[in-house]
Amino acid sequence: MTDLLTLEEYQAVAADLNPACMSFVDGGFRPSVSGNTFESTNPATGELLGNVAACNAEDVDFAVQKAREAFEDGRWSKLHPGERKEVLIRLCKLVKRNSRELAVLESLDSGKPIADCESIDIPEFIHTLTWHAELIDKIYDQTAPVGNDAIAMVVREPIGVVGAVLPWNFPLLMLAWKIAPALAAGCSMVVKPAEQTSLTALRIAELAMEAGMPKGVLNVITGGGAEVGEPLGMHMDVDMVTFTGSTVTGRRFLRYAADSNLKKVVLELGGKNPCIVLNDAENLDKVAEQVVAAAFWNMGENCSAGSRLIVEAGVKDALLERIKAHARDWNTGNPLDPQNQLGAMIDAGHFAKVDGYLKQGKADGHDVVLGGETDNGTFIQPTIFDGVSNSDTLAQEEIFGPVLSVITVNSYDEAITVANDTEYGLAASVFTANAKKAIRAAQAIRAGTVTVNCFGEGDITTPFGGYKQSGFGGRDNSIHAHDQYTELKTIWIDLSDDAVDGSVD
Amino acid sequence: MGNTTMHFEGIYTPVITPFGEDHSIDYDAFAAQVQYLVDSGVQGLMVGGTTGEYYVESHEERVKLLEISKQIAADKAIVIFGTGSINPDHSIKLAEDGAKYGADVILLATPPYSLPTQRELALHALTIDRAANLPIMLYNYPDRMGVNMEEEFFDRVGRSANFQAIKESSGDINRLHMLARDYPHIQTACGMDDQALEFFAWGAKSWVCAGSNFLPTEHLALYQACVIENDFNKARRIMSAMMPLMRVLEQGGKFIQSVKYGVTMDGRYSGEMRRPLRGLNKDDKRAMSQVVKTLKTTIASILAEDSAEQ
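Chains L and C supply the protein sequences, listed in that same order. Counting in my numbering, the first sequence runs from 1 upward without gaps. Counting in my numbering, the second sequence runs from 1 upward without gaps.
Keep in mind that the hints were calculated from the coordinates and are not lab data. Here a beta-carbon is modelled for each residue, glycine too, at the ideal position from N, C-alpha and C. One or more of the hints may lead you astray.
What the hints assert, rightly or not - Computed spacing ranges between beta-carbons, pair by pair:
#1 L:Gly356 - C:Ala201: 53 to 61 Å
#2 C:Lys296 - L:Gly225: 50 to 58 Å
#3 C:Ala180 - L:Arg251: 32 to 40 Å
#4 L:Arg251 - C:Asp75: 47 to 55 Å
#5 L:Ile493 - C:Asp143: 56 to 64 Å
#6 L:Gly225 - C:Arg119: 47 to 55 Å
#7 C:Glu96 - L:Leu17: 23 to 31 Å
#8 C:Thr4 - L:Gly377: 26 to 34 Å
#9 C:Asn233 - L:Val154: 55 to 63 Å
#10 L:Ile493 - C:Ala201: 18 to 26 Å
#11 L:Asp61 - C:Asp75: 49 to 57 Å
#12 L:Asp141 - C:Trp202: 41 to 49 Å
#13 C:Met178 - L:Ala144: 41 to 49 Å
Claimed, not checked - To list a few chain C residues with every Cβ distance to chain L over 10 Å, as calculated:
#14 Thr4
#15 Tyr27
#16 Ser40
#17 Ser85
#18 Asp284
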């Protein structure tokens, strides 16, 4: 990745952008069939970025039809694996070549800090797509041990037409998490980006065509949940829906599947993730740094955010001082300014929701030990509430903002109990110098990812997803993600003498 | 304007331009023709279409015809303004003035003679779009222009929501299938009179029909049967009665002359054609008059039968 520019230089790049706002179907941009549009604005400034096609069920139906045609005639699904790989690698190169434009577009559309877009979102997009592309011609099917009178092949085939419904917090990265394994597996896709953040997905679709992806394989339909998400979930010709977003919406997709064609559903949902710091944790400065990153990265608009600090009493005060010191280094402001670590909240509605939690937390008498301030109806300072009980709203509800709740406990056992006392189970962190405790905690915590002495989500090689109400049906990333976009098939070939004789006739 | 969605539904008449004996435009006769069409209940007027002989008119003449049409049509019918020209710069200027003088929609054709590639066509179309920023009806007429608007063109212009409809005049039924199936966001308007029934069957809701210059009632009757009543049995009977006229118009080689003579027969002044066209001869006129008479009687009887049943 190239070096960061100055604010003025980023503003100049932004002024030159002319984002496509139409949906992308069958290899071209198209307005919605109804001709309706909605406004896409920069959440940091309110400035209009474009009038985006407001699609509906008719557009979804058309895109699914085109994706189905592409899948059935095999222009992608039956392409030689090596050729599929080549196209995806070419797409990675094009993304790299256009990375600055994409980073600025992502920042303008989502309010994310430009420094994150440049150093995390774009490189991770490329990395994810490359990894799955490289996997395409390195996975083997299997034969089962069924004796000499038969051959049993266990093969994987692309599942078909996949609907991908994306969140607004990591528009490009979540796009990569969905399209990389699904396209690598040979599926055709209809992607619905979040209404707030449609622009980079449209640009990626355009670049995919430039990379040589056949028409109809990657379609992007823009619009609202009721108008696009629901018809996609209810569609009788969609074989699978992969969704990242809220638990409430995730439930809907399960209902849609049950009420339509029993399509496969993979859900990656909310989290209220514990960050456990035990008395014997080493290097409190590093711990504090990790806790701050876990809580405030991406404005806390992150399902794996470590929003509950569960800390043993013996180390609490010393840790909290260090956390405050580190958090003060995180600047909030104009997302295009590379000096800022926190940008704008995604939109006014979400800002009001997070602000509501701040007000409620204060009204409930929790100590604000840092932040708590809001600015311009757009920005929220990193905020830490101390003295929170795990039964409090602050500790139970997913806030999706830069708000950390500190819960003090008196033992390892209590820490584990509190950590598991949530309806979610996406991610967790444990900080301790005791290896046995670390491993036991990792085993005891019911979450999809547990990190020890650090905060993180693993990487492309490890599965990401949730226990309990944080997920359903599968995982993003890793070879397991690739597998979930395929169907398993058994091919049984009879080799017994009778069959041979019969078949020779 | 811009990003306004037009719903193209109904009969759109490409208005003839009456020329006097000295071949100057008779604006009064034009105004009378527009008034007649508006009173007849057509949904739209096309000014500066092929039937209007735009290719032999000056920029100023075309803009004046637009102004007159807008004044008379007011909010009773929409006005589509043709921007066709052999010279793309002229098309851009027409688009600018179209927006300035109140056109509701612009008609955007492929420039004739230069045989542009699909990419060149798309860039041309997007330039004209920027000049007017109005809803656009595309005009595909390869017999006169030498090129077709192909899939690559449609894919490339998709970035602008103004490309909302296409008047398809190629006569190639496969293109209608392609448009209906692959470009549902582009509304198809029948631009090939003898295929109106087929267009309506594939979901087109509008018909740009030169014959409506003198037979608006009959053309509206087909639209009513197909689009409003969805009664294709009745529609087939009406279309069948119209087919002799369609043969004269689409297959007779004297399209504009025949339309103008139709207007004359109907009692309004349609005047001369500008060169190289010349008027119909005596035999053509006699044949045309016979065809129109039979058509009117037959369709009137179909409509009378229908109202008797109700």
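So, going through the hints one by one against the coordinates:
| no. | hint | verdict |
| --- | --- | --- |
| 1 | L:Gly356 - C:Ala201: 53 to 61 Å | 55 Å, holds |
| 2 | C:Lys296 - L:Gly225: 50 to 58 Å | 55 Å, holds |
| 3 | C:Ala180 - L:Arg251: 32 to 40 Å | 38 Å, holds |
| 4 | L:Arg251 - C:Asp75: 47 to 55 Å | 49 Å, holds |
| 5 | L:Ile493 - C:Asp143: 56 to 64 Å | 59 Å, holds |
| 6 | L:Gly225 - C:Arg119: 47 to 55 Å | 37 Å, violated |
| 7 | C:Glu96 - L:Leu17: 23 to 31 Å | 26 Å, holds |
| 8 | C:Thr4 - L:Gly377: 26 to 34 Å | 31 Å, holds |
| 9 | C:Asn233 - L:Val154: 55 to 63 Å | 57 Å, holds |
| 10 | L:Ile493 - C:Ala201: 18 to 26 Å | 50 Å, violated |
| 11 | L:Asp61 - C:Asp75: 49 to 57 Å | 34 Å, violated |
| 12 | L:Asp141 - C:Trp202: 41 to 49 Å | 45 Å, holds |
| 13 | C:Met178 - L:Ala144: 41 to 49 Å | 47 Å, holds |
| 14 | Thr4 | 8 Å, violated |
| 15 | Tyr27 | 35 Å, holds |
| 16 | Ser40 | 28 Å, holds |
| 17 | Ser85 | 26 Å, holds |
| 18 | Asp284 | 43 Å, holds |
In summary, the structure is inconsistent with hints 6, 10, 11, 14 from the numbered list given earlier, while agreeing with the others.
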